[in-house]
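Asks: Protein chains in written order, with this note's numbering: chain A, 990 to 1287; chain B, 726 to 1380.
Fair warning: there could be bad hints in the mix.
Straight line, CA to CA, 25 angstroms or less: simulated SDA-like cross-link-like pairs of lysine to any residue [unchecked claim]:
(1) A:K1034 to A:L996
(2) A:K1034 to B:R1268
(3) A:K1034 to B:E1276
(4) A:K1034 to B:L1258
(5) A:K1034 to A:A1155
(6) A:K1034 to B:G793
(7) A:K1034 to B:G1264
(8) A:K1034 to A:H1184
(9) A:K1034 to A:E1186
(10) A:K1034 to A:Q1023
(11) A:K1034 to B:R1269
(12) A:K1034 to B:V1108
(13) A:K1034 to A:A1229
(14) A:K1034 to A:W1044
(15) A:K1034 to B:A1260
(16) A:K1034 to B:A1265
(17) A:K1034 to B:W1263
(18) A:K1034 to A:M1022
(19) A:K1034 to B:D919
(20) A:K1034 to B:S1271
(21) A:K1034 to A:L1196
(22) A:K1034 to B:L1256
(23) A:K1034 to B:R1267
(24) A:K1034 to B:A1257
(25) A:K1034 to B:I1272
(26) A:K1034 to A:F1073
(27) A:K1034 to B:L752
(28) A:K1034 to B:A1262
Hints in this document: simulated from the structure, not taken from any laboratory.
Just so you know, these numbers come straight off a predicted model, no measurement behind them.
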Amino acid sequence: MSLLVLLVLAPALPGVAAKTKAVLTGRRGAPVMQLYWDLFRLVRKGAVYSTTTTWMFRVAPVAGLVTPLLALGLLPLDGRRAPFGFTGDFVAFAALLALGRFTLVLAALDTGSSFEGMGASRDATFASLVEPALFLSFVVLALATGQLSLEGMLGGAQALPWGAAAPALTMVAVSLFFVLLTEASRVPVDDPATHLELTMIHEVTVLDYSGPDLALLLYGAALRMALFAALPVSVLASRAHLPVAAALGVLVAGLVTVAVAVGVVESSMARLRLSRVPQFLVAASVLASLGAILQLLT
Amino acid sequence: MSLCFVGLALIAASAACAALLRTRLVLAERAYGLLVSAGCVAAAIPAFRVLAGGSAAVVRLSIPAPSGPWVFGLDFLSAAFLLVILGPGLASALYGVRALGSAQDRRGVATARALFAVELVALVLVVLARAVVPFLVAWEVMAVLAYFLVTFDNERTEVRRAGWVYLVATHAGTLALIALFTSWAGVGGGLTFDALAARAGSLPAGGALVLCLALFGFGLKAGLVPLHFWLPDAHGSAPSHVSALMSGVVIKMGIYGLIRVVSLLGAPPAWWGWLVLVSGVVSGVLGVLWALAQHDLKRLLAYHSVENIGIILIGLGTGALGAAYGVPLVAVLGFAGAVLHTVNHALFKSLLFLGAGATVHATGTRIMDRLGGLGRRMPLTWVSFLIGSVAIVGLPPLNGFVSEWVVYLGLLHGGTSGGSIRLVLFGVAGLAIIGGLALACFAKVCGIVFLGVPRSDAALHGHEVSAGMLGPMFGLAGVCVFIGLAPGLAVGPALVVGASIARVSLPSSVGDVLAGIVRLGIWSLVLVMLLALGAVAWGAIRRRRSIARAETWGCGYALPSARMQYTASSFAAPLLAAYGPLAGVHETLDRGGGAFHTHASELVLERAILPAWAAVRGVLGRLRPLQQGRLWVYLLYVIATLLLLLLYLARGVSP
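Model the full structure from these sequences, guided by the hints.
Replies: Structure follows, in structure tokens:
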């Protein structure tokens, strides 16, 4: 149920971020629902495939949709139970999203284009630097709750013990927000609005996709954004004690707030220079490990 | 157990077959393949039986010999490593039959095949030996034969150099092992492993000397940083099926030795566990970083062995810490993760080396920047290489993910229990860094070698290899998929092995882990089915749309060429730049000639060991005047020594 709501709402999140940015910079901007129209339009179009590409190029959009979908199944979206959780599923969560990225990077290299090679290389670089931040955040959550599944860490019977663990959990939430900015290819890591192939990262990785495949990739990316936005929201707003509908309402409100925050970040700063991005990503890991140290001390 | 020796006899017979039937080539090949297969299967049956039976069936076979009885036995640990040897060993042997088939030097080929079979026998005896002398004999036979296997192509200078460095390194290790066992056995003590275990309690400082010597001696064989310096050259320049055996199996004997010492000694002190854990993280991160910097496909894979040894050591260190701090669940999970990752790495690393061998066979080059587009020309090799890559990166739904999952669980259970063991949590960060870098590295290998447009004529004329070479590759890939989709069948026995190493009975809290692994298996199946279903459904939707074929979009540039593609070096450049001098990449820019080179240096060998060796030679060179080459000088030395000894003794007896 909550999974369905999220599947329907996910494409609105990039729209909310873009609208926030437009309002803050004094423009009218595209409607919030723009991505729905784009998807609808793209699905009906034909596709152009490069003669260089092989089956890898065709499989990647499917993997780009299936992996965030299955990952959503590991999260307790209603604040109680996950559709399919198990001990140690946080490893599966991270590895699953890595699988999606792996196929996308290979699909980019499949085209033999230097632009897409560039995007793939940067994508792989930033993903590898942000991986420790995600895992260290899970470590802090495991320490705070004593649970080893995402269901137990983010929902379940016991709410997250705010109080003694509050500073550590705040650090984790901020670190997860940084992870979101990286994974969803937003400023300051990547700029979804740039139109120069040399400075794009995610956009240039999927440069050769068109038609239905592009629609699948765009939808998969929106799901990814919802997925990673749900993590800090679940850490900050424990919803196990609310009725299901209210818990879902809080989640949606939280997702919209995160999307607005992404828009605010985007309109208040420029993208970092490429050589500076690793420092930003390492900062996310350092923040999460500080959280772990704090949690070990208490 | 006796079936093991039947298997060994069959493998030995295959060696004789290869050596004697030199004139009748086809018959020799068939008989060799048949005998090796039969031998490996026969020897593996008792191992499966031990692992499936769930009882430690230690069968003893004592051969009376000088230097104490030669005891052999088969327990859980030996059984697990027996499978590590026999599976990839068989695949590599069969692949070798085909791969060497086209070589001109028949005599050399026959010898190489025979030596390969004997190497398998030696490896099996290493894990079956239960006394010091047979262990060391088998160890030395294994090490020396590996030298001859590596230097098969001995007309090339770099092969001879690699073999030489390997020989020096392995003997330094053997020396440490001899010191280890003699210091452990003491004067007049028994030399069987049982006798050693009985003496474990009386070792000074909790066996600190033994443990340090083990980490050095076995660590040299396993190739943990900084003792890995011999490994990339040796594994890179050997024939591919030998690289597969070396990287998949032979270095694992170092891991076996370490675990065997721990299981004989009982719970090691905590500092040793931390030492192993930290060296695991260092090996893992540096190994994969250096792999990323390589231009040579096989050297790259060799550095990935260093990385995976790091992951295994992270598991081993976690297990040792669990034992030291008395947390049985952590000990069992750590050791089980280490053993399972050893099995898995043996499978996918030999698969990857065989795949690399196939590309070298088809194109004649190992330089990645000269390859490209091989996925179209060698579709089956590409699929099996891709399976190996997904497995080694630790992605679902394959086996590498399963063993990393076990190690992660061990680390987190350590972190959520009480006391100083909680610090193992930071191993999680290490594993995460390793995983991310490995993904980037294999994205580079797969993308540059198999996708895109051929970058040279060699790659353009690449062709699929024969079924005799593909068969072993798909066999290994099949096992990787099987363990990934039925993880319970591998994790269950691995936990039993882990408990036997830690010398505890399986704690009841393991039930939670087993329930998790069952659900993980279901989840992996769902993932595979969703991917397959999605691909089919999406293919149907696509067919209804108009499809156009065109050149890759070059942003308006009309004449793209293969040389304009991203290369392996450019793909890795941003990550290597982020890690700075740790990566050890030298860039040289020739502005006049418009040439730019990057060179990945072997930091430990080039910056530490060779300079240190030069310094030692410089100092020892000052002693050279002692060697005059004249008889009277040496007579003088003898007489002087005798006189000094007499004086020393006289001092002793005087009142």
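Asks: Output the indices of the hints that this structure fails to meet, ascending.
Replies: As far as the earlier hints go, 5, 6, 12, 13, 19, 26, 27 are violated by this structure, in ascending order.
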